[in-house]
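Given chain A, work out where chain B should sit, using these hints.
One line per chain: the protein sequences are A and B, in this order. Just so you know, the first sequence maps onto residues 1 to 400 in my numbering. Just so you know, the second sequence maps onto residues 1001 to 1362 in my numbering.
A portion of the hints provided could be inaccurate.
[Said to hold, decoys possible] Quick list of in silico lysine-lysine cross-link-like pairs, DSSO-like style, CA-CA up to 27 Å:
#1 K43/A x K57/A
#2 K201/A x K354/A
#3 K191/A x K221/A
#4 K108/A x K43/A
#5 K1313/B x K392/A
#6 K37/A x K191/A
#7 K285/A x K1335/B
#8 K285/A x K1309/B
#9 K264/A x K354/A
#10 K285/A x K1313/B
#11 K346/A x K201/A
#12 K1175/B x K1137/B
The set of hints was computed from the structure by calculation and includes no laboratory data.
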Amino acid sequence: MDLTYGAEYERFRNEVRDFIATHRNDAPDGQGMRSAKTRAWQKMLIERGYTARTIPKEYGGYGGDADILKSRIIAEEFAAAQVPGGLGGQGISMLVPTLLEMGTEEQKREFVGPTLRGETIWCQGYSEPGAGSDLASLRTRAELDGDEWVVNGQKIWTSTAQHADWIFCLVRTEPNAPKHQGISFLLFSMKTPGIEVRPLKTMTGDATFNEVFFTDVRVPKGQIVGRRGEGWLVANSILRHERGMLGDPNAMLTRLNALTELMKTETLDGRRLIDNPVYRDRLMKIQGEVTAMRLNDLRLLSAKLNNKNADLAGMIVKLKGTELRHDLESLGIDVLGEIGALYYGKQGDSPYLKDHGMYQYHYMFYLGLIIGGGTSQIQKNIISERGLGMPKEPKFSKEA
Amino acid sequence: MEFGLSQEQEFLRDSLTRFLADNAGLPRARRFADGGERRAQDLWEGLVGLGVPGLVIPEAHGGVGLATLDAATAAQALGSAIAPVPFIGTSVLAPRALINAGSADQQSEWLPRIAAGETIVGVALSEAASGAREGAKVTAIAGKLSGKTLFVFDFEADAYLVADDRRRLYLVDGKAKGLTRRDLETIDATRRVGELVLDGVQAQLLPGSEDGEVLADILDVGRVLLAADTLGAAQNMLDQAVAYSLTRQQFNRPIGSFQAVKHMCAEMAAGLEPCQSLVWYAAHAVDSIPSEARVTACHAKAHVAEVGKFVAKTSTEVHGGMGFTDLVGLHYWFKRIGLNRQLLGSPERLREEAARVQDLIE
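The shape of chain B in the complex, shown without the other chains:
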């Protein structure tokens, strides 16, 4: 019995954290946000070197063949470092969809390139996960896709995994005829999000995705990984708040010696500690405990989003006026947590789904 990370997983976490400490963090996120790069190529190449894009891809296809728990560990590290790189869509959801629903040809066409970091795949799942806005819908007619899909993430991509209105999954080349891409500028400047407009676009159906189950499964996984990203970001905000409170002096004392400030930090820690266990378990469940996977994924995403929101606000308050400025840069974490909260289902929507999964709704 061992609940939590194995030695190998701790090693993965530590080496990724070290790499990101040297190469990501606030200065890199700021440069990405202000500099107009489409991709943080240096950072991406470093992650390729560490095997991150192929983390869950089988070794036979050039990946590392690890589990969702490993991917969650990576997502947590990336969230903590507000790393301006694609990950959840291209490195986990698209490969998982290909592994579970792709033909043998599709797998050997796509997986090695994804694992090598040569092909980045954005994911267009918003309508299936969060509900469809007016006019947002993708329909397939004779194998070609038309319509519009919003809030595609890992958006700066070479190809896209797109869900149609019957919950089937397709791969679309980013340069395909009839495909128009538009950036959507969210609060979070560390990741690219956008919309795709499709007009009779040639697409590859993943043949095993017909019954909608593969889509449902990658939504579970995506939700767990977004929870992990938020957890990493929120944990970092707590660490920053504690560190700041020990150096900032007012009334001839570090503000961290005032109970009002200490209690804010204690409340953040008390909220976050159980989130770690929830994320670990939910990540394990999507691979190994099918009967609990969906409800746990919903709870993980919803609960961590709530705690993350509280931490984002409270950490900013501990920093006082400086927390509100761009100088300290805390807002990059605040906003990353804010975007994660809405992607692939907001807390209310996820709790509703948790109730439905348990047959609590007639």
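In isolation and in its complexed conformation, chain A is listed as follows:
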């Protein structure tokens, strides 16, 4: 057991800290993805290698070597200072790695740089009303007409579609092939005629998702990643990136600390909430679980560094992380009692509302994340089949 990062890395940590201390006023603070300040900050972070670190220079990245510990230190320090650590979103976190792995040289040069710089914002066109957990049954189709694909169909759960410049989209191009082999991965501009975006309001009250409708959308033939019919392979390489992101235990610690602080300061009948032994027991239970998940994360980091197998420890993160976060927010609501049922109002916040209604918001939002990105039930299939070697559910034949 060696939990030290070593002198070289501690020097690097100090460099990152110094940078943050010197430049924190340049960091954007709610100005939005397209503001000049956001873009300038992103540019500076890329130049310093604090984001897009391992992406080659010729494609607009920093061009550094893959160093898991340095990347970790950067993430830790920006999180600790509560300073935004470079842009995220589906373009940067999902499309860029995929293009680097599967894209043509031309595609890398055209798309990676502007995406990293925040000039091109992407949305992801995967799920459809009839293709959720069984994503490969998607029916949005693209037919070749001369030098163009003609796309028709509908996507759903498309976050940021209302802001996006481009979409990366799974479409069926080989209707007669087996379902996994008939899909292609297209890229096209959201300004292309024939695209309609309708906001999809969720239980949180926000419209963070959209439905996107395609009617005879014409896409140049070359805007395909991988070959015709290989879209499922391309998509799976991205889904692996996404599953790792959901259920991050380190973000959970921030919420747990906020909840602990709330329970130490808020009173009921003149007693602090934390002095109620039942509430306190629930808090400690969650603290134990958050601790276990954070250490599981440390094990994953170490396994990556030392080339050890911790596949099962990785497979459980989305399932356990999202369920635990939902429980944590639920406790925040319960300890507040009736105040816990308040929500941010149409006529401004109630004076009794705590934390701008974030406990209720996250409680609902994390229920969404329990479902999204592969439901808990799909996760359990993955864990049992790939982790424990249990057999797949037998398939019903179409005739039956």
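Chain B in isolation, oriented as in the chain A frame:
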């Protein structure tokens, strides 16, 4: 940076697991439970050969001089194999108390014999760890101990490490005048637990234990090791459930192909995976991260107990009716997990202590 076991620790785990696979497991536990042996002498001697009783004892005293993480690795293997042998008390807590609080004479008197497996030391810490039942209390008057202490574990012993009501630690010879031993028959037939009644019993005070800190430290360690034992037992129950589900056929399919069964197994795995990291870290913390040792030990014991309970129930359910029978013998693991849950502090009590350690209670 390396979180987890070193190569040497993996080697220890593997050699112990191999030895236990050949010599412990269900048939040996059953024989111990049914046969009326006081000790599983063959198994104990094998473990002595592997250096297990002296794992954390310094080499100068005849031990191997390893860390609590090594001991946790051993506890996990023993729990997995439901090994009917003493370990946590005699091989770790008593030596650790002697190392931290014993005089030089006491150390050279006791440690080499413990390391060689010649002396087994039971530990009587229940009142300090779990609270005192009516009438259970040990007091020291002029160096002699009187009173009663319950739930002594590694009970089939040659001597005992006893905590008095002022949290000081003593060593008591098992044959000392005025000492009466009574078995307490728990659900777990793989380990011996009992009570000691003391009537003016001659005892050796560990001189460094006066301020109660040494007791608090061995409770941390004991809790981590019980968590490791539960983790090993629960992991084994999951493995058995998966294996059974692949062979048991119903509706012309292995039951392991039904999502209802697969999801039970996935939930067990999802619960257990983080427990491994928690146990490793907690074991490391009691040796190397004093500021986090106590709270992590409390969380490790409490959390693994909860997950262990869930796994014990769920694995039994995956086995269907056979899981409920003595034929399959799954209940030996179920009950070992059940006893561990209560020893040295139940989950609620430990979470309360975790809150107290963090100054969350006024």
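> Which of the stated hints cannot be reconciled with the structure, identified by number in ascending sequence?
Replying inline: none
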